[in-house]
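Those sequence lines, one after another, are chains G and F. Residue numbers 1 to 113, in the numbering used here, belong to the letters of the first sequence in order. Residue numbers 1001 to 1115, in the numbering used here, belong to the letters of the second sequence in order.
Quick caveat, the hints were computed from the structure, so don't treat them as lab data. Accuracy of the hints is not assured; some may be wrong.
What follows is a set of in silico ranges between Cβ atoms, one per label pair, in the way DEER data are often shown [said to hold, decoys possible]:
#1 K61/G to Q1017/F: 26 to 34 angstroms
#2 G41/G to G1028/F: 26 to 34 angstroms
#3 S1113/F to S3/G: 41 to 49 angstroms
#4 G29/G to R1022/F: 45 to 53 angstroms
#5 T30/G to E1062/F: 29 to 37 angstroms
#6 R77/G to S1066/F: 39 to 47 angstroms
Glycine is no exception: its CB is placed at the ideal position from the N, C-alpha and C atoms.
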Amino acid sequence: AQSVSQHNHHVILSEAASLELGCNYSYGGTVNLFWYVQYPGQHLQLLLKYFSGDPLVKGIKGFEAEFIKSKFSFNLRKPSVQWSDTAEYFCAVNFFGNEKLTFGTGTRLTIIP
Amino acid sequence: DAGVIQSPRHEVTEMGQEVTLRCKPISGHNSLFWYRQTMMRGLELLIYFNNNVPIDDSGMPEDRFSAKMPNASFSTLKIQPSEPRDSAVYFCASSLRPDRGEKLFFGSGTQLSVL
């Protein structure tokens, strides 16, 4: 069964610090990979996704993620975080041809001004 | 389009009562998902439908939970009888072609509290 692991449950950073959130998925063939974000009081929205092509994917608000197939990873990065990045971040995966989207348990990011 | 619409936004009920959560997906979307979000377990997929047909309900916790999609524009998630451990935020999401990497559009969720 497909699964996703996010090892960082809660990350606290100061503004302007660099960010990297880990995401690993179980092996299962060709994958689609996603990062969703949930700002306080809001519903989930897509941050970025990898479908095919360049393994370095750029998303909204300066976020990017790199798909490393050999490591089954899709880590999220941002070089300089802002207070407004405080949110919960979810990694998700589905296998090509399969509608089922499985989420990790999420990482709560708190940015201190 | 107004997006994915869920109702009610908040539901407070007593243990043993029946709870029905409702979802209207985005028009034209083929797939509909029900997720449950808790602090301890994050986002869990309960069930999803493709073209109104339940495809995978392996995430449904137990027989107290049931979901239906009688047509392309409406789905319900029912809990009968409800228990305090069912307290969570329940999200509905829809997508056009998630198997091709299309994103999910989420509703605002239903915050369920079972006392």
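Now for the hints, and whether the structure bears them out:
1. Range check, K61/G to Q1017/F: about 42 angstroms between beta-carbon atoms, so the 26 to 34 angstroms window is missed.
2. As the Cβ distance of G41/G to G1028/F is approximately 28 angstroms, the hint placing it in 26 to 34 angstroms holds.
3. Range check, S1113/F to S3/G: about 29 angstroms between beta-carbon atoms, so the 41 to 49 angstroms window is missed.
4. Against the hinted window of 45 to 53 angstroms, the Cβ-Cβ separation of G29/G and R1022/F comes to about 35 angstroms, which falls outside the hint.
5. Taking 29 to 37 angstroms as the suggested C-beta distance range, the pair T30/G and E1062/F conforms, at roughly 33 angstroms.
6. Hint check: R77/G to S1066/F, Cβ distance near 42 angstroms, so the stated range 39 to 47 angstroms holds.
Consistency with the previously given hints fails for numbers 1, 3, 4, ordered from lowest to highest.
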